[in-house]
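**Q** From first to last, the protein sequence lines are chains A and B. Each residue of the first sequence is one higher than the one before, starting from 1 at the first, in the UniProt record's numbering. Each residue of the second sequence is one higher than the one before, starting from 1 at the first, in the UniProt record's numbering.
Hints were generated in silico from the structure; no laboratory data involved. Small disclaimer: the values here were computed from a predicted structure and weren't measured. Check before you lean on any hint, since a few could be wrong.
Where chains are identical, the list cannot tell them apart; a pair therefore holds if satisfied intra-copy or between any two copies.
Stated by the list, open to error - Cross-link-like lysine to aspartate or glutamate pairs, in silico, DMTMM-like; alpha carbons within 25 Å at most:
#  : residue 1 : residue 2
1  : 235       : 388
2  : 56        : 195
3  : 56        : 66
4  : 327       : 234
5  : 235       : 334
6  : 324       : 376
7  : 219       : 124
8  : 390       : 223
9  : 56        : 249
10 : 169       : 405
11 : 390       : 234
12 : 324       : 422
13 : 56        : 223
14 : 417       : 303
15 : 219       : 249
16 : 387       : 234
17 : 331       : 234
18 : 342       : 234
Number of protein chains: 2
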Amino acid sequence: AIPRRELAVVQYSSIALILVSMLILVIKIPPKLYFQLWGYGSKWIVPQTKHYSWLKAADVTGVGLDNVVSCPVDEDYRLDADALEKIILDFAKDHTPILGVVAVVGSTEEGAIDPVQKVVALRDKLYNEQGIYFYLHIDAAYGSYARSMYLDEDNNFMPYDQLESVWKKYGVFQGDGEHVSKYVYDVYKAFPEAESITVDPHKMGYVPYAAGGIAIREKRMRDVIGYFPVYVYDKRSGAPATLTPYILEGSKAGATAAAVWTAHRVLPLNVSGYGKLIGRSIEAAQRFYNFLKGLSFNINGTEVEVNPLTDPDFNMVDWTFNIKGNKDLAKMNDLNLKFYQKASFVGGPVYNNDFITSHTDFATDGYGDSPVPYIESLGFSADDYHKETKVGILRACVLTPFLYDEDNFAAYAPKIKSAMEEKLTQILD
Amino acid sequence: AIPRRELAVVQYSSIALILVSMLILVIKIPPKLYFQLWGYGSKWIVPQTKHYSWLKAADVTGVGLDNVVSCPVDEDYRLDADALEKIILDFAKDHTPILGVVAVVGSTEEGAIDPVQKVVALRDKLYNEQGIYFYLHIDAAYGSYARSMYLDEDNNFMPYDQLESVWKKYGVFQGDGEHVSKYVYDVYKAFPEAESITVDPHKMGYVPYAAGGIAIREKRMRDVIGYFPVYVYDKRSGAPATLTPYILEGSKAGATAAAVWTAHRVLPLNVSGYGKLIGRSIEAAQRFYNFLKGLSFNINGTEVEVNPLTDPDFNMVDWTFNIKGNKDLAKMNDLNLKFYQKASFVGGPVYNNDFITSHTDFATDGYGDSPVPYIESLGFSADDYHKETKVGILRACVLTPFLYDEDNFAAYAPKIKSAMEEKLTQILD
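Just chain A, with the same shape it has in the complex (with noise of 0.2 Å):
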């Protein structure tokens, strides 16, 4: 026989269980605690060059800031397609969800182009040999209107070899040499793999605010998110399908798709129309990265250097300059918020400023150590980065399609010199 003394325990212990158990079911555990105990959800992976409104997004439908997760990019700024999968498959492992992945094309801050076709590889790869699967978004707000640069103009893509040739017929770019590589090419061949890709027509489509855009390759996913205003949907009336139902703000003026429908007749979304427009931004670009690439001030015996981020695989230019020999990230830093400072509103009135740039700051936070290698580039360490949390850079979009031609930039380029080094000199000085 089993002691009386024993069994009281055996007995308080199943009774204090049942209690707790009645606790849990019974009391609510509050939400919080909840998804500390089993995790917070889905995940939607971005790259470190994500445009901000990717976490407010996240934030406003209640995915939350927790599950959107940051995939590195290289040196070049693009998606690092290896990161990748490792973040999916450590993901699978412990079977939490993805809810997609973006790839940008056209950063915000660099022009960067991500690696699409890596990406698709990598997802026919993983589907292929484990049944892993995700949905794939690209993020195209700024680079998508350059697609029409390999569309011919019955509007089918071009196969690489013919582009030059095509180009020069009509006149897309005036120097010769490779124009766009077969990397940047394969990135938008590879678009129709995604389910859905941003476009945005105030950006390179050169038409004002209000018009933005997704292209979805499955139409009846916006059945999933359409809400019908009973006072302006009849459905028995056969009433056309418009935006209404699809978008965020409901109504809209339809002067923006008219704005839009009007550019894209005007100049047809191929090689001869904004294929021709986009490629003489690119040209000037190019013009402006290799002037940048080239330049030095002496500023009263100072020497200051002018170092480009990247070779630009678009028409985006970033740079910085830096006092030759300085070895001070946050000194670099301080100089090239000044220069902004004085090349933008913040300075004063800016119609009679002969240089208007950008500014932004490549952060630890949301950058992580991808910025590290043209830090070094420029003498300074990691830990310099580290210490001072980011790198301030200097950003050019170069949306003009006129400096494209050789003699127009040579006729700027002393005016952006003397510009540049007027400014210099007074934060110098």
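Since the structure of chain A is provided, determine the placement of chain B on it from the hints.
**A** Below, chain B alone, put in the same frame as chain A:
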């Protein structure tokens, strides 16, 4: 001594309980089960006359449709404050948090004006008696600009007994009599008690789309939702506060704000400007309502009645046509839908159409039994309404200020009547 058999039962049951507890704590409770066990969270209370975007917003933000609670409206389609009190007390009883209460001023389908003053009084009472407080939002997207009728040229809210003489001075109304009830006046007087108010310049501000607004009493509220793009904002540069961080779109055309600013300069937001414009639209609506009240048709021997829904709170007039003596609600719904089809784009190009109007359904799932008094006044029963699940309504927003003039209206009235007659003849013949 306790028999071994009994002890074994106790032991096994305690082991089973340990396993269940461990399962609950270690294996994840699916979110759906979690919510089924412990409820769906906090509630957002809106009247049955809510704009459909309240549902869309709850869905998009992750609040969830299950957390939107519909408060019944009275026979004038105004929020029923007694029903609201009951809803709030029920939630307070089981400690369900209330995210907020919406009162609508100018409902989408009726132009009805909810008793904001009663909601405020209810909140004061509940707070003093039981410490219950709730966030109050006024959805005055449609009705907000009408508040300018009650502000003198120094923008002070005027006493009720001075209104008619001031309105006479500014020529706000043409006819004599009480143009706005003390009830509606008290609603507008209570506006400052709300935490936030929707104001849509693209509605009664007569400014085209793209402008929408929300007025907040506590400016710091916006910091909770602010997202600052690093490539636009550099706080060290002292950039002034703009809308960008606080709106969903982020960047937006300045033309929108400029248009609203200009309109408010041209027509001040008081009795001398918008007050006059909107007063005239209200008088025009009253003329149209009185015109409909006395209207009937004889279509080749078939008598058609016109039955306005309510004496309008604002400038929106709803009505139905019915064949005299018809007791079949489906038949009446069909008549009004067909009338709408002839009085809209559905029937073809509208340029030569002398009467255009809109149509909506009051359906059981959104409106509950609120339309029953109207339906019964037409000779139908609540059962008819439940069987059909809706009553179709014709709806006119009288936006033109010109029909406020007696002679103008008298010139239009026979044309409106004959346009209606023509459509009814086409339908009934």
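**Q** Now tell me, hint by hint, if it's right for this structure.
**A** Hints, one by one, checked against the model:
| no. | hint | verdict |
| --- | --- | --- |
| 1 | 235 / 388 | between (59 Å within a copy, 16 Å between copies) |
| 2 | 56 / 195 | both (21 Å within a copy, 23 Å between copies) |
| 3 | 56 / 66 | both (12 Å within a copy, 24 Å between copies) |
| 4 | 327 / 234 | between (69 Å within a copy, 24 Å between copies) |
| 5 | 235 / 334 | between (61 Å within a copy, 14 Å between copies) |
| 6 | 324 / 376 | within (14 Å within a copy, 88 Å between copies) |
| 7 | 219 / 124 | within (23 Å within a copy, 50 Å between copies) |
| 8 | 390 / 223 | between (43 Å within a copy, 24 Å between copies) |
| 9 | 56 / 249 | both (17 Å within a copy, 10 Å between copies) |
| 10 | 169 / 405 | within (16 Å within a copy, 66 Å between copies) |
| 11 | 390 / 234 | between (55 Å within a copy, 13 Å between copies) |
| 12 | 324 / 422 | within (18 Å within a copy, 86 Å between copies) |
| 13 | 56 / 223 | both (24 Å within a copy, 13 Å between copies) |
| 14 | 417 / 303 | within (14 Å within a copy, 84 Å between copies) |
| 15 | 219 / 249 | both (20 Å within a copy, 24 Å between copies) |
| 16 | 387 / 234 | between (61 Å within a copy, 20 Å between copies) |
| 17 | 331 / 234 | between (64 Å within a copy, 17 Å between copies) |
| 18 | 342 / 234 | between (56 Å within a copy, 13 Å between copies) |
Hint check: no violations occur; every hint is consistent with the structure.
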